[in-house]
Each structure stands twice: as C-alpha cells, then as structure tokens.
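**Student:** Each chain, letter by letter, is given below.
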Amino acid sequence: MGEISLRTDNTPTVKPVPPRGRAPWPRRVVSRCRAISRRRLVRMITPWAFLALPLGLLILLTYLPAYNLIRYSLTDWDGIDPTMNWVGLANYQRMATDPALYRVLFVSLFYLVGAVVQIAIALYFATILSFKVFAKNVFKGILFFPYLINGVAIGYVFLYLFRKDGTLDTTLAFFGLQDPPQWLGDPKLINASLAGTSVWRFTGMNFVLFLGAIQSIPGDLYEAAELDGANSWHRFWHIILPGVRRVVALSFILAISGALAVFEIPYVMTGGANGSKTFAIQAVEMAFTHRKVGLASAMALVLLAMVLLVTWVQRRFFPDERVELT
Amino acid sequence: MKTALRLGAKGAKYASLLIAAVVCVGPLTVVLFASLKTKQEYAASGPLDPPTNWFNFANFATAFTNGQMLQGFVNTAIILAISLTGAIFVGTLAAYALDRFNFAGRKLVYGAFLLASLIPSVLMQVATFHIIYRLGLFNTRGAAILLFMGTDVISIYIFLQFMASIPVSLDEAAMIDGASRWTIYWRIILPLLRPAIATAVIIKGIAIYNEFYIPFLYMPARDLGVISTSLYRFKGPYGAQWEVIAAGTIVVIVPTLVLFLFLQRHIYRGLVAGAVK
Chain A
1 MGEISLRTDN TPTVKPVPPR GRAPWPRRVV SRCRAISRRR LVRMITPWAF
51 LALPLGLLIL LTYLPAYNLI RYSLTDWDGI DPTMNWVGLA NYQRMATDPA
101 LYRVLFVSLF YLVGAVVQIA IALYFATILS FKVFAKNVFK GILFFPYLIN
151 GVAIGYVFLY LFRKDGTLDT TLAFFGLQDP PQWLGDPKLI NASLAGTSVW
201 RFTGMNFVLF LGAIQSIPGD LYEAAELDGA NSWHRFWHII LPGVRRVVAL
251 SFILAISGAL AVFEIPYVMT GGANGSKTFA IQAVEMAFTH RKVGLASAMA
301 LVLLAMVLLV TWVQRRFFPD ERVELT
Chain B
1 MKTALRLGAK GAKYASLLIA AVVCVGPLTV VLFASLKTKQ EYAASGPLDP
51 PTNWFNFANF ATAFTNGQML QGFVNTAIIL AISLTGAIFV GTLAAYALDR
101 FNFAGRKLVY GAFLLASLIP SVLMQVATFH IIYRLGLFNT RGAAILLFMG
151 TDVISIYIFL QFMASIPVSL DEAAMIDGAS RWTIYWRIIL PLLRPAIATA
201 VIIKGIAIYN EFYIPFLYMP ARDLGVISTS LYRFKGPYGA QWEVIAAGTI
251 VVIVPTLVLF LFLQRHIYRG LVAGAVK
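If you're matching them up, the sequences are chains A and B in order.
Using this note's numbering, read the first sequence as starting at 1 and increasing by one per residue.
Using this note's numbering, read the second sequence as starting at 1 and increasing by one per residue.
In isolation and in its complexed conformation, chain A is listed as follows:
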C-alpha cells in the first residue's frame, strides 16, 4: 500500500564533529546543525500528530478492552464489585470441562454448512450473470439487496416466514406438502432454519464479490477457449474457477470466522432459546445477564483466538488475497 509514500527524513545527517587539532566549528555551523536536528524532530513527530486521534481511539476502544479481557478472564469479577479475586486459569478450565459451555460451539457447524451452501449459490449466480443475460442489473440488484437490510427487520421477516401457517407453510401446502414441521419450535430444526436465514442474508455479498472477480478475467481468454472448442462447462472449470479461486478461498475463511461468531440473527429471532444459543450469545449473556464477567471474558478470548487462528492460516496459505476489481 505504501510503495508511493513520500520519504521525508532524507536530510543529510551531518554530525558536527570538529576536525582534530583545529579550532572548533564556527558558531554558524553549529546553529545550522541544531536547526536541522530540530527540523528532523518535527518531521519525526508529524506523522504521530496525525495519528494521535485515530490511534488514541483504537487503543481506547480495541486494545485496552482486549487487555482488560485478558485481565478479567483470570478473575471471578462480577462486573460491579470493586474487588476481583484472582482465580488463575479456573475460568478456562471450566470452559474445557463443562459440556453446557462448550456444546454451543457445535451450533456453529450449522452456520458453517450454511456458508458453504451460500458460497456455492453465489458462485453459480455470479457465473451466470457475468455473461449476457436479460435484465442483468435487475437480477444483480435483487440478489444483492437482502445483504443491506437491517438485521432486526430480517429477523421479523423470517419469524413471519417460519410461523405456523406462515409464509413457508402456506407455500408448501400450495405444492401439496401438508403437515409441515415446526421450523423454530423443533430443536432439531431450529438451527437449520436460522442458518437458512443467514444464507438468505449473506449470499448477496459473496455474489457481488465473485461477480467482480469474474468480470476482471480478461475477455480474450474466453474467445481463445471458444476457438479451441470449449463448452460452457470447460469455460467455468478452466477459466472462471481458477480466476476466482482466491476470492472463494477468502470467502471460506470469512465464513469460518463468521460461523464461529454468529450472533445477531439467532439473538433477534429466538434469543438463543430452543437450543439455538451460539457461543457469542452465551458469552454476552454470561457477562450481562449472569454477571460472570470473568468467565465471559475467557469465552470471548477463546473465540477471539480461534478467529485469529483461522485468519492466520488464511494469510499463511493464501498470502496474496488481493483481488483486482473493476
């Protein structure tokens, strides 16, 4: 990013060392050197002056809380009491041994499967819509728009959809499927229903990302392939897929960390009831409902570590994830 940055500290570093056996440097030279070093000092400080506000906020709102998370996680603090008792790694130990605490992690698997479905759907429609299609921009807009909608509104839209005799049941009945299950009432189904909602919400984002990547593939590649007698399957497999490989990989990584930290959709729709509680809901509840800030901090840190690990793996195996977009 900073290849074209302006180097400012290239003033010659002239140190006033008086030549041996001669008179000291004239006063004029010394004061000139002082002026240079003062200017250097100003130059050293200037970028930090510009960064003071952004960095201050970053430290106050991200790094100080992160530090506090570590501190709290080693105590039994309840969030109000002025005293916190040091408990060492007891909170972490409890997380690793109490099934009620770690079981919620498995809920993430539903969202992970949802994310795979989402990426597949997005890739399919991105491929279709990168070629000549009637009313292309209309379809693009329709597929993308759900991503922009307020999460609470989406929650209500899908509560309405999944209700008994709601939109989904009525539609199924129209196709002759009577006696539908309780989409949000059945603990076996609830996470699939919520993950489905999540797919509806986020497919548009992946779709637009993929579309951008496909459109940046040079058009003459397709022409050359056509001359060689390639059909549209060949075109997808040998030209498009390699072209979007990196964005797809990036989307998978984002999907994993997203699935680990799912919060809004289940929180708004069910509040975590009926077995739909996710790890993030549990951490937040632990902190603000049950007032176990120590344990909640440990949970938050574990999840944070997982997310960072996933990202580290991505940076390691796909170091150049930058995509050219036009």
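Since the hints were derived computationally from the structure, they do not count as laboratory data.
Possibly wrong hints are sitting among the right ones.
When the alpha-carbon atoms are kept at most 27 Å apart in a straight line, the in silico DSSO-like pairs for lysine-lysine are as follows [said to hold, decoys possible]: (1) B:K235 to A:K188; (2) A:K277 to B:K235; (3) B:K235 to B:K107.
Quick partial rundown of chain B residues pointing at chain A, CB under 10 Å, derived from the structure [unchecked claim]: (4) Y14; (5) V90; (6) A97; (7) V126; (8) M149; (9) Y185; (10) R187; (11) I188; (12) A246; (13) T256.
Derived Cβ-Cβ restraints for the label pairs, each shown as a range [said to hold, decoys possible]: (14) B:V25 to A:H290: 19 to 29 Å; (15) B:Y14 to A:Y102: 42 to 52 Å; (16) A:D228 to B:A77: 50 to 60 Å; (17) A:R246 to B:L170: 49 to 59 Å; (18) A:P99 to B:Q264: 27 to 37 Å; (19) B:S16 to A:H290: 25 to 35 Å; (20) B:L108 to A:R40: 15 to 25 Å; (21) B:G46 to A:P99: 42 to 52 Å; (22) B:Q264 to A:P82: 34 to 44 Å.
Using N, Cα and C, we set each Cβ at its ideal position, and we do this for glycine too.
Dock chain B against chain A, hints included.
**Tutor:** Frame of chain A; chain B shown alone:
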C-alpha cells in the same frame, strides 16, 4: 439436438434466476401484504393473499406513534450525522499518515488497525462496556457515537486504496510552495478524497443504520431507541399483532431500498473494497 440442448440450458438458467428472485423478494412482499391489512383481515386471510385495500396505512401510523419509530429515526439521524463526520475525519487522518509518511513503527500501526478489523465486535463489548461506563457515556448517544467513530477500520482501507492513486507530486509541489503538512491534508488530500469519502459515508452509514447490538446494550433508555432497537421492542407489546410488526419492518426497510436504488454503484464498489481487505 444441439440447439434443443442449448435452449434447455437457457431455460434452466432463466428458471434458476427467477426462483432466486422469488426467494429474495417473496419473504419481503408477504410482509408488505401483512402491513396493509386490518386486524380482522389479517386474521381471516392467509399470508400469501394480497391486502384488499392497498392504501390502508393504519398500521404504519400505529408503528410510528405508539411504536416510537419517529424517535428512533431522530436518534439514528443524530448518531449518523455526528459519528459519520467523526469517522471520516479519523479515517482520513489515519490514511494520510500511513500513506504519505515513512516513519519507524508505520508497519506496526498498520498491523494494529488490520488486527482490530478481524475482532468480532460483539465479543469485545464484554470488556468495552466497562470503559464506556467509566467514561460516563452509558445510556447516552455518546456511547454509540464514540464506538462508531473509533472502531471504523473499513473506511481507512477505502481511503488508503484511493489515496495511493493521488500523485505524491501534488504534495511535493505544495511543499515547495511552503505549505505545511496540515495544509496539504486539509486543502489538497481531503478535497481529492471526495469520491472515497462518499463511498465510505454510504457503507458506514448503512452499517450504523443497521447496527443492533451496540445501541441495544449501551442505550436501553426508551427515549434513546434507534431504528433497530425501536423495532426490536415491538416484540413485547405487539407480539401478537403481526400487522403492526410488519408495518414497522417495512418502515425500516424502505429507506435502505431507496438508498440502494439511487446509489447502487457506490454501494457495490464500497462493499467490495471493504470486504477484500
């Protein structure tokens, strides 16, 4: 044979597109239907039946007055205006320093911003809460404003990307004319960044408008409800009145739809820039 196959493929393509469009628009349309029905009509009709009177806005009136949606819009507008101004300022300052200076620790600062963008915001609130509380901002709009201003990394990337395309020779020319660094930032860089600022405002604006948990956690007072939390509170009193909840939902979606229709290109560009950090 070959043309039949090609026609079949074409048919399948449009069929899948149509199904996708119905899946995207359908759930929203039925909510619009519900919002236009009277209570009796809602009870008597199925969810897929259109309303008899397309101009029955009674539910919208209830949502606005009793549901405190108006208050929600006012609070959202105040928070949007202040935190967007602040975020643009903070973001451009950081991007200017990172792109136009070469200093010890530059990589470290860059990494610090990058790392922050990876942290799921909900989890941080466990600890951020106590900082906001100590600052005396709990149950004030200041809490949301400060958090939206300070945790904005996406727009820094948008600015950095754009700034790389502003030639450094402009800065140098100004410096030869005796302009200070601040003057260069304020008079040259900031005005030239205008397209990037527009993109960042739109992306960040949508994100703030949609944010639920931060206002929910930090501003529980009834008169401090924003759009998301006002709508969320429909759950209690209107739990059984789906036609009112539907109206509230539509009220929240319509501004987003209007914005999307007018600013499509900016939105696509900005979201892509933000996602591919």
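**Student:** Any CB of chain A closer than 10 Å to the CB of B:A97?
**Tutor:** Cβ of B:A97 sits 4 Å from chain A, so the hint holds.
**Student:** Do A:P99 and B:Q264 keep their Cβ atoms within the hinted range of 27 to 37 Å?
**Tutor:** violated (48 Å)
**Student:** Cβ-Cβ distance between A:R246 and B:L170: within 49 to 59 Å?
**Tutor:** Since A:R246 and B:L170 have Cβ atoms about 33 Å apart, the given range 49 to 59 Å is violated.
**Student:** If you take the shortest Cβ to Cβ gap from B:I188 to chain A, is it below 10 Å?
**Tutor:** With a closest approach of 13 Å, the B:I188 hint is violated.
**Student:** Taking 19 to 29 Å as the stated bounds, is the beta-carbon spacing between B:V25 and A:H290 within them?
**Tutor:** violated (41 Å)
**Student:** Is the gap between the beta carbons of B:Y14 and A:Y102 within 42 to 52 Å?
**Tutor:** holds (47 Å)
**Student:** For the hint on B:A246, does the least C-beta distance to chain A fall short of 10 Å?
**Tutor:** Because about 7 Å separates B:A246 from the closest Cβ in chain A, which is inside the 10 Å limit, the hint holds.
**Student:** Given B:V90 as an interface hint, is the shortest Cβ-Cβ distance to chain A below 10 Å?
**Tutor:** holds (5 Å)
**Student:** Is B:K235 close enough to A:K188, meaning Cα to Cα at most 27 Å?
**Tutor:** Judged against 27 Å, a Cα distance of about 24 Å means the pair holds.
**Student:** Run the distance test for A:K277 versus B:K235: straight-line Cα separation, threshold 27 Å.
**Tutor:** Given pair A:K277, B:K235 holds - Cα atoms ~19 Å apart, limit 27 Å.
**Student:** Just to be careful: measuring from the Cβ of B:M149 to every Cβ in chain A, is the smallest value less than 10 Å?
**Tutor:** holds (7 Å)
**Student:** Quick check on the hint: B:Y14 CB to chain A CB, less than 10 Å?
**Tutor:** holds (7 Å)
Consistency with the previously given hints fails for numbers 3, 10, 11, 14, 17, 18, 19 and 22, ordered from lowest to highest.
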